[in-house]
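Here is what each chain is made of, one letter per residue.
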Amino acid sequence: MTETTVSEINETRASLYWWFATLLTKELDKEQLAIYFCGEGVKLLDQLEQEALFTASVEKIKSALTTILPINKPELELAADFSQIFLTDTKAGAPPYASVYLSKSGQLFEQPHQDMVDLFTAQGLVVDPNFKEPADHIAIQLDYLGNLIIQDGEGVSDAQIDFIETNILSWLDMFVQATDKVKNSGFYQGICQLLQAYIKQDIAEIKA
Amino acid sequence: MSISRRSFLQGLLATSTAALVGPGLIQAAHAAAGDTAGQWKVSGSHWGAFRARVYAGKVQEIKAFEADKYPTDMLKGIKGIIYSPSRIRYPMVRYDWYLNREKSDTTQRGDNRFIRVTWDEAITLFHDELERMQTQYGPWAIHAGSTGWRSTGQVHSCGNHMARAIAMHGYTVNKVGDYSTGAGQTIMPYVLGTTEVYAQGTSWPLILKNSKTIVLWGTDLVKNLQVGWNCETHEAFEYLEQLKEKIARKEIRVISVDPVKSKTQNYLNSEQQYINPQTDVPFMLAIAHTLYKENLYDKKFIDTYALGFGDFVPYLLGATKDKVEKTPEWAEQICGIKADQIREFARMLVKERTQIMVGWSIQRQQHGEQPYWMAAVLATMLGQIGLPGGGISYAHHYSSVGVASTGAAGPGAFPRNPDKPDKRIHKNKDYKGYSSTIPVARWVDAILEPGKKIQANGATITLPDLKMMVFSGCNPWHHHQDRNNMKKAFHKLETVVTVDFTWTATCRFSDIVLPACTQWERNDLDLYGSYSGRGIIAMQKLVDPLFQSKTDFEIFTLLARKLGQEKDYTQGKNEMQWVKELYNGCVEANKASFPMPDFETFWKEGFVDFGKGKDWTRQAAFREDPEINSLGTPSGFIEIFSRKIDRYGYKECQGHPMWFEKAERSHGGPGSDKHPIWLQSCHPNKRLHSQMCDSEQFRATYAVKGREPIYLNPHDAKSRGIKDGDLVRVFNERGQLLAGAVVSDNFPSGVARIEEGAWYGPVDEKIGSLDTYGDPNTLTMDLATSELSQATSANTCQVQYEKFIGKVPAVTAFGGPKEIS
Amino acid sequence: MSEIKNEYEQTTRTREWKTFLFITVCLFPILSVLLIGGYGFTVWFLQMFMGPPGHG
Amino acid sequence: MIKFIKCFWQIVSKPSVHLSLGLLSMGGFLAGVIFWGGFNTALEVTNTEEFCISCHAMSDNVYVELQETVHWKNHSGVRATCPDCHVPHNWTNKIARKMQASKEVWSAVFGNIDTREKFLAKRGELAQHEWDRFSANNSLECKNCHNYNSMDFSIMSERAQVQMKMAAERDQSCIDCHKGIAHNLPENMHSGEGTLAKLEEMATSGYDQGQSYYSVRQLPLFTDKTLATEAGQLNAATKVTILAVEDNAIQVEIDAWRKTKGFGRVMFEDFAMNINDGFLSKEVALSDDYMDKGESKIDELTGLPWQKVSVKLWMRNGSLTESRDTLWTFAKTTFDKSCSVCHTQPAENHFDTNTWPGMFNGMLSFVNLDGDTQALVLKYLQKHSSDFSDEAH
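Protein chains in written order, with this note's numbering: chain U, 463 to 670; chain E, 5 to 825; chain Y, 1045 to 1100; chain G, 57 to 449.
Calculated directly from the structure, the hints in this document are not laboratory data.
Among the hints, erroneous ones may be present.
Computed Cβ-Cβ distance ranges for the label pairs, DEER-style [claimed, not checked]:
1) G:P276 <-> E:L300: 42 to 52 angstroms
2) G:P276 <-> E:E255: 39 to 49 angstroms
3) E:V767 <-> U:T529: 56 to 66 angstroms
4) E:T324 <-> G:P276: 42 to 52 angstroms
5) G:R135 <-> Y:M1092: 29 to 39 angstroms
6) G:D208 <-> E:A41: 54 to 64 angstroms
7) G:T389 <-> E:E255: 29 to 39 angstroms
8) E:A23 <-> U:T628: 26 to 36 angstroms
9) E:T139 <-> G:V301: 29 to 39 angstroms
Quick caveat, the model's predicted, so the values are computed rather than measured.
Cβ atoms here follow ideal geometry from the backbone N, Cα and C, with glycine treated the same way.
With these hints in hand, go ahead and build the complete structure from the sequences.
Below, the structure written as C-alpha cells:
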C-alpha cells in the first residue's frame, strides 16, 4: 500500500461507508448487536442523530432496537428481519443488487453487475471469493467507495464522484423504497434511509 | 488499486467505528481476466443437449447441440433458471422452527419468516433432526424416499445422494411407484409382463413402413417428446415429420382418440375420434363386443398367446353379475360416440395393420388400471402383437421411445446404496408394525391417518406415522394432489428438510432449506438420446455455484462428514474423479462393441456418438416362440383374465378389465351437475412438470396476466362472459385458483385444461385460500386409482369456473418465502 | 620278456587312463544326462496319462 | 555289438591295474562335482527370463503383455519372472517340464508360432495347458508367494473379502478366478463384456460324481457325450447333479418343473415358480429318453398344469461352481450399481418371485446388461423375493 496522507474528513467518510457496508453484508451476531445496545454503536448513533438530516432515520433505528431488546434472542429477530428484507426477491423484499432495479428483466447478473466486474477487472480487483455475492451488491459498492476515498487522500477525484452518481445513486432510491414495504422492527429500513440521507448530503458537500 | 479497511480510524468517529466495521469484501485479483469473447462449453438438460457461451463468469447465450435437429424453444428458458430471482441463495431455516424446533407453530408453514444460517449450522441441524428421529422414534418416522425428475447428470443424481447419505445414518420409509405411471406400471406386469410404460417400443421406421392405421389413444407425442429423462436430442421428431408426409399422401391413417384436439393432431393434420373424458373403457368394451359378435377377432392368436379370454367374454355379453351387455348402444350413452361409429371403428381396426399407441393420461385417473388392461385385450383380439407396425405400445410419447436403441451401455450413476451397510449408524430396523415401503402417492394419507391399513398390489400396507420428510430435487407441492389436504398434513409434521436450487412451494413449506446449485454449475455426464442410447455427453460446468449453493455431491458429503463417514461416502474421489470413473466404466462396458476415446479426449470433444441403432419390433420374440420368450406375467402368456388379481378380492380392480363409474365425471357423470367442467392436468407444453416454471422471461411467453393459462372451450367461456385473456377463478369443494383464460377450439364443451407443474402460490397459509398462479392440484382429488396400485387419480376432477371480479391478488408462487407481516 | 611286459604294461596303463578319462568326462555325464532326461520324459509321459502333478 | 558290451563290462567290472583306487574315486568324485555343477548351471540358464525371451514367440507376445501387469511392476518392487510361474519348483516336475520343453524347441526350430497371428490362433490351446497344470497343482507356483494364511482380509475391498475368504476356506486354486492376470486372455474369452470372464472366474475346477453344482452362466446342453447335438440351454445359477465325468463332457441331472401347455420346453426350479432353469429343444422336450416324469399339479394362480421332471443331459466340462453365494454377491452388486440410474430401486423382497420377471424386464432399458448377467440378476432377485424373505415388508 502506498503511503498517502489522508485528510481527517476523508477518513471519516470512508469509515462511515465501511460501517454501512458491514451492516448490509450480513446479520449481526450477539456480540455485534450488544454494541448497539450499550457500547460504541450507541455513541455513533447519538452523534449521527445530532445532524438534522439524519435524525428521523436514526430515531427509526433506535426505536427498532428498543422493540427487539426485550425479545429473548434479539439477534435472531434481527437476523429474520435481515433475511426478510435482503434475502428474498423483489416482490417480498429488497434484494441489495443494482441489477434487480436497473435491468429490464429484473434478474440478477445483468448489465450493472457486468459494469462492476469490468470496473474491478480494470483495476486488478475481485470480490472476495468467500463472500460469493454478485459484484453489484450494495455492500461491495460501499466497500469500494471507501477505498476510493482513502486513495484520493486529501482531495476528491472525479472518479469518486462519478462512482457515487452512476453506480450507487442510480438505484439507491429504488432500493431504499423497496425496503420500506417490509414490515418488521424497522432496523434495516432505518439503516438504509440513513445511508440514503448520508450519501446525498455527502455528494452535495464534496461537489460544493 | 490497493485495498484497505479499518486502518484510518481517527478523528470524530475514531473511537466508535473501530468495533463496528468488519473485514473488507474486495481484494486484489491474482490473474488477469482471459479472453473477451468467452468460451463455448457443452452441457445438457431434460429439454435438450446444448452448447453455451460463457463470458465473465456468466452464461451469455445458449444454442442447441448440433446433433439435435429439432430443438425445443424451452432451451430459451435455461438462462432464466440459472439467474432466477427464485434461486435459493443461502441455507435457510424457518424462524419459528429455529427457535422452537419440533414444538414450532406448524400452521405458519407456507407463510413465515426464515433466517439465514451457515452451511455448518444447517448441516448440524439436519443431522441432529435425523438423530432425534432415530432415537426418539425409529426408522418409521422418517420418509426420505420421495424423488422426482432430478436434473440430468449421473454423478450428481440428487435422489441417489440423498438415499446414500441418509442410509448411512439409518433406515427410513421408502416409496414404490411414481406419479406419472403409478397405475400403468402396476397393472401391466400382470397383463403383458412388463411395466410397458418404461419399455422401448417398435422402431418408428418399421411403423412407418408397415402400419396402415395408427391409433393415438390419449397421447400427445409432439408435446411430450420435447423432454427426455436424459439429455434429449429429439430424434423421434424426424419420424413424426415423415409420418406427417405419409398422412398427407394418405399412406397412413392416424386417429387420435381424445376429447381434445392435441398438439400432435394439429401438427400431423390427422383425424380425431372425440370421446367423453374418462370413458375409454366403455368405448373399448363396445369395440371388443363388436369384434366378438361379428367374429372379427383373431382366435388363433388368443389360443396360442393368451389366457382367460373365456373368462372375460361372459362379462362382455352381460352374463356376469352386472347383467349389462357391453353393446355399442350401451357405450354410446357413456362415451358419447354413436353406436354405429363404434362398430365402424372396430371394423377399421382389424382391416389392416394397426398400431395402437396409448398415452399415460388415461391411467392417471380413478380405475386407471382398467383402460390399460382393456387396451391390451383389444390388441390381443386384433392379433397383431409382435408384428412390425402392429400391436400396442404405452410409451411412444416418452424419452425417444421408438428411436432404435444402439445397445451401447450408458454411464452408471453415483451409487445410491452405501458400500458398507454394516457401518450404518442406527441399525434399528423395527418399523413398529408399520410398512417400510409405501405406494408413492399415499404419504399424505400416512401423515394424516397413521396406522391405517390399505391394500396395495396384493399386500397390506400399514401407513407409518411420519414425523419428518426429506426431499431432494423433488417438489411434492407440485406433483401431489389436493393442496388443502396437504396443508393439513404438513401441520402434523415436526420437521421438513428440502434440498433444491429454487424456492419451490415445497421449500416454502419446509423447515430447513438447503441451496443446491443447478446442473449447469457442476461437472457431470449423462446419456443423450434417452432410450435410443445415442451417445454420452459431457456436462461441463458453465459457471461456479452461485451464492452459497453447493452441488448435491458436496451437500451430502457434508452430511456424511458429520456421520464420520466422509471417505466411505465419496470413496475418496472428488467430483471430477467420479465423472471420470463413470466414463471409464462406460468405456469398459462398451469395450467389445463401441470403441470410445479416453476420458481427456471425450471431455475436450464434449460427447461420444454411438451411431444409429437397429430397428426392432416389440414382442416379436414372444410372437416367434412364446414358450422360450415367455412374458413376465405369472403364466408367461398375455393374461386377459388374471387369477392372481382376482384372488386379491379387490372391488375396484377385479379379474378382468371392467367399467367402473368414476367419483367425478363430466358429460352427465357424477358431480357434473354441480361442477360441470372436467379439468385435465396433463404434462405441460412449455415445462418439464414444474421445472422451468421459475424461469421468469420464458414464463412470460405463455402466462396470461402473469397467471398459468387455462384452456377453455369458446362456448363454455362465452356463456360465462369470459374472453380470451380474462382472469378466471376456477373452483370446486377442494380449492380455488386464479388462471388466465385462453379460449380455443381445440377444447370441446365441458372440458378445460390447466397444465400440471404450475407453481403453487396461495394468498395466505390458511386452508382453502385462493391460489394466485394456477396450480391445478389445488383442485384435484387425492384419491387412489384402486386397491391395486394406490396411484394418483389427477385426471378425475370436476370444476366450475367464473370470470374473476374484485381486487386481483399478487402472484406469490415465485421468489422465495412470503412472510408474515 | 620284461621289455615286452613293460611295453604291454605301458599300453594298458595308457589305455586305462584313457578309459578312465573317457568314462568320467564323456560317458558317464552323457549317460547321466540321458538318464535324467529319460526320467523327465517318463514323468512327462506318465503325466500325460495320469494328469499333471497334483498337490499333496 | 555283443563284443562291445562284453568289452565295456570287462572295463567296468575288472579292477584297474595301474590306477589306484584313491585316484579313481577321487577322479570320479571330482568329475561328478564338476558335472553336477555344470549340469545345474546349464539347467538354471534355461530357467532364466533371458533364455525364455530368446525365443521371438515369447519376447514379442507374452513378455510384452506381462510388462503391463502388476507382476512386472508394482509398489513393492517384487516381480515374477517367467520360470517363477511356469516352471515347477519341485525337482522331478521341473525335469519333466524341461523335457516337455522339447516340444517348444521343436516349435521354435520349425517356426510354428513365429508370427503374432499364429500365436494368437494358438493361444487358447497353450493357455489351457497352463491352466490345467495350475488347476491340478492347486496353483502351487502362485502359492509359493501368495499364501492364504498370510492374507489380511480386512484391508481388502468388500467384494474381494467375500470371495477371498470363501476361496481360502476351500484352499481354492488361484487360477480358478485369476486367469489372464499376467498375460492377455485368449480372444474368445473376452467376448466383449468383461462380465463373461468374471462369471467364468467363479467356476471351480474338477467336479465330483454325485455332487451338486451351480452353473455360473447360461450353458448349452447336449444329448450325448460327443456334445454333437444340442439339447437346449441351462440357465445361470441352476443346480445340476453330476452323473458322470468324461474328459471334456459331463453328464448332469436337472430336477425341475415344467408347464405342460405347449411343448413343455422350459424348466423351472420349483412348482408354480417362474424361476427359469433353462430350456430344452423341441425334440428333447417331446422325447422320453432324456427325462423321468414325476407328479403333475395344476397351479391355481394361472390355471396351468405343471409336471415334475428329472432331465439327464450332457454338457461341457466346466463353468460350474459349488455354491451360489459368489454368484449372488456378483448379482447383488450389479443390481445395486446398475439400477441406481433410474427413479428408484425396489428392495429384492418388494415383489414376489413371479412378479420380478415383469418388473425386471421393464427396468432393462437403461442398464445394458448382457444376457448372462441379466439371467443371473433376475434369478438372484427371484430367489430373494418376498417368497423367500422372512422379513416383513
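Results of checking the hints against the structure:
no. : hint                                   : result
1   : G:P276 <-> E:L300: 42 to 52 angstroms  : 44 angstroms, holds
2   : G:P276 <-> E:E255: 39 to 49 angstroms  : 45 angstroms, holds
3   : E:V767 <-> U:T529: 56 to 66 angstroms  : 28 angstroms, violated
4   : E:T324 <-> G:P276: 42 to 52 angstroms  : 49 angstroms, holds
5   : G:R135 <-> Y:M1092: 29 to 39 angstroms : 32 angstroms, holds
6   : G:D208 <-> E:A41: 54 to 64 angstroms   : 57 angstroms, holds
7   : G:T389 <-> E:E255: 29 to 39 angstroms  : 50 angstroms, violated
8   : E:A23 <-> U:T628: 26 to 36 angstroms   : 33 angstroms, holds
9   : E:T139 <-> G:V301: 29 to 39 angstroms  : 59 angstroms, violated
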